[in-house]
Every structure is written in C-alpha cells, then in structure tokens.
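Novice: Dock chain B against the given chain A, drawing on the hints supplied.
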Amino acid sequence: MGIVRLDNLLAVVMLSGIYSLISAGLFVTLDAVDVAFTEASVGGGIATVLMLATLALTGDTEKQGKGKLQFMPLAVVAVTGALLIYGTLDMPSFGDAMAPIHQHVAPRYIAEAPQTTGIPNIVTSVLASYRGYDTMGELAVIFTAGIGVMLILGTGRRRDD
Amino acid sequence: MADFPGLFNYWIVIVLMMTGFYVVIARGNLVKKIVGLNIFQTSVFILYISMGKVDGGTAPIIVEGTVGAGVTYSNPLPHVLILTAIVVGIATTALGLALIVRIKEAYGTIEEDEIFAKDEPE
Numbered sequence: 001m002g003i004v005r006l007d008n009l010l011a012v013v014m015l016s017g018i019y020s021l022i023s024a025g026l027f028v029t030l031d032a033v034d035v036a037f038t039e040a041s042v043g044g045g046i047a048t049v050l051m052l053a054t055l056a057l058t059g060d061t062e063k064q065g066k067g068k069l070q071f072m073p074l075a076v077v078a079v080t081g082a083l084l085i086y087g088t089l090d091m092p093s094f095g096d097a098m099a100p101i102h103q104h105v106a107p108r109y110i111a112e113a114p115q116t117t118g119i120p121n122i123v124t125s126v127l128a129s130y131r132g133y134d135t136m137g138e139l140a141v142i143f144t145a146g147i148g149v150m151l152i153l154g155t156g157r158r159r160d161d
Numbered sequence: 001m002a003d004f005p006g007l008f009n010y011w012i013v014i015v016l017m018m019t020g021f022y023v024v025i026a027r028g029n030l031v032k033k034i035v036g037l038n039i040f041q042t043s044v045f046i047l048y049i050s051m052g053k054v055d056g057g058t059a060p061i062i063v064e065g066t067v068g069a070g071v072t073y074s075n076p077l078p079h080v081l082i083l084t085a086i087v088v089g090i091a092t093t094a095l096g097l098a099l100i101v102r103i104k105e106a107y108g109t110i111e112e113d114e115i116f117a118k119d120e121p122e
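As you go down the protein sequences, you meet chains A and B in turn. First residue of the first sequence? That's 1 in the numbering used here, and the numbers climb one at a time after it. First residue of the second sequence? That's 1 in the numbering used here, and the numbers climb one at a time after it.
FYI, nobody ran anything at the bench for these hints, they're computed from the structure. Among the clues, some could well be false.
Said to hold, decoys possible - Here are the simulated distance ranges between beta carbons: (1) 79/A - 120/B: 24 to 34 Å; (2) 116/B - 28/A: 40 to 50 Å; (3) 44/B - 86/A: 17 to 27 Å.
What the hints assert, rightly or not - Sample of chain B residues at the chain A side, in silico, Cβ under 7 Å: (4) 53; (5) 87; (6) 91; (7) 97; (8) 102.
As the structure is a prediction and not an experimental result, all values here were calculated from the model. Note that the Cβ used here is the ideal one computed from N, Cα and C, for glycine as well.
So that you can see chain A by itself, here it is in the shape it has in the complex (with noise of 0.2 Å):
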C-alpha cells in the first residue's frame, strides 16, 4: 500500500479517502447500502476534510529516515496475522445462509421490523427502535468527542491572546 510508504502527508490523506470511497462501493455490493451512504460521507469526506485541516496546521511532509521497513514491528504484525489467518479457519464461509449471525435475533427483525415499526428499511427500525439504547449511546459519545475537541482546541487559543 502507498499509504505506508509515503512520506507526503497529503498525498496518505488523499489515498485514504479513496480508500474509503472504494470501501463504501464494497458496502453496496455487500447489500449494506446505508453503510455505505455512512461510510463515504463519514470516511471519504469528514474525515479527509478533518486531517486536511490538522495538516494545514501541522505541515505536510514526514520526517524522512526511517523509509525502510523496520523488522520489530513487520515481525509483530506478520505473528497477528499468522495467528488471525490461523482462527479463520472455523469460521462460516462467505455469504453461507446457515452461519450462527443469521440465527440469533436477526431473521425476528427481518420478520417484525415492517409491522411493529412501520418502517421499510430494516436498518433504520434496528437502529431507531430495537436498539435505540445504541444509539442514544453512540450520540454520548460524539457529544463527549465534540466537547473534548473544543476543550483541547480552545484552551491553547485562549492562552495565547
């Protein structure tokens, strides 16, 4: 990936929001539309958006040196993924209709969801209403980021008026 290998930051945050682009299309060929909507206004624009804006802060080039691939951490990460390749052998294999996800609660939603909610897409009656809980969860957490940003943000703004 060129990601690693460059030491333009600006060129790694371009190639990363392609990379979330490219990753919202796999979504939709995976049938999971409303990720993919998330995924490339979230991924491929906010997030761009954001590092952009900390880059025109920070400055744009890596310091170079060390470009080549150090062996400590190459040795770490090809033990994970050894072991990783090593647990996926059990696992369901791709698209299987009979793997133990689609047994739990999953087909009760496909089967209820249009009549105790009203809603078509099945996604936003899990989201809004089996497990709204979630949700209300995931908007403490963005509330807590948002506040946390300003608060890290604002501080320093303020010190040096």
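Specialist: Structure of chain B alone, referenced to chain A:
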C-alpha cells in the same frame, strides 16, 4: 483446511488490518498513525459487513408487496452495529487530530521521536 474462496473475505480483512497495524506501530508521524488507525477500523467494518452477507440476498429494505414472498435479505444487524461504529470512529479520529494540533502547538513537531527527545532533558 476449509474451502479457499469461502474464507477469502476474512483474509482480505486481515491483510488490511495488519497494514493499518503496521502503520500505527512502525511510523513515527502522528497523522500517519491516525490514518493507519482508520485503515484498521475500516477493515473491521468490512469484516462485519461481509459476515452479514447472505448468498442471493438483497439489501434489507422491504419493498411494498414482497412481504413474505420468500425474498432473502442480508443480515441487518451488522449494518446497524457498523453504522454506530463509523460514527464513533470519526469521533475518535476528530479527538486524535485535535490532540495532534495541540501537540504541534506545544512541541513544534508531530514526529514521535522528536517529541521524546524534547521530553528527555527535563
């Protein structure tokens, strides 16, 4: 050994995940680390979404008149979880980037080793 194409999606995920992991632990630049974290995150999204896919399934949106018509839908539950995860992910990214901006203001650099070097003499 299980069937090769059936597990291929997991292996793509693992390759992406390890790419992100390598960027996070091997690179000193903090912005680069955040990008690596994003790659890692997206690989987890792909893992969940690919597990939710059912052969011959369609997007889990019920079209008028097809209720009970034997249409196969992909599993909506991972989609919901990943929607939440994407939003939480952007929140952590924003927080990390804000910290980087502050570190730049305080140390004048965003390279890890230079930051350590500045901390040493104290």
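Novice: None of the hints should be skipped; say for each whether it holds.
Specialist: Against the structure, the hints come out as follows:
A C-beta distance of roughly 31 Å is found between residue 79/A and residue 120/B, which places it inside the suggested range of 24 to 34 Å. Between residue 116/B and residue 28/A the CB atoms are about 44 Å apart, so this pair conforms to the stated range of 40 to 50 Å. In this structure the supplied range 17 to 27 Å holds for residue 44/B paired with residue 86/A, their Cβ-Cβ distance being about 19 Å. Interface restraint check: residue 53/B against chain A, minimum CB-CB distance 5 Å, threshold 7 Å, status holds.
With its C-beta approaching chain A no nearer than about 6 Å, residue 87/B sits inside the 7 Å limit, and its interface hint holds. Interface hint at residue 91/B: satisfied, since its Cβ lies 4 Å from the closest Cβ of chain A, which is below the 7 Å cut-off. At a threshold of 7 Å, the smallest CB-CB gap from residue 97/B to chain A is about 4 Å, leaving the interface hint in force. For residue 102/B, the interface hint holds, since its Cβ comes within 7 Å of a Cβ in chain A; the closest pair sits about 5 Å apart.
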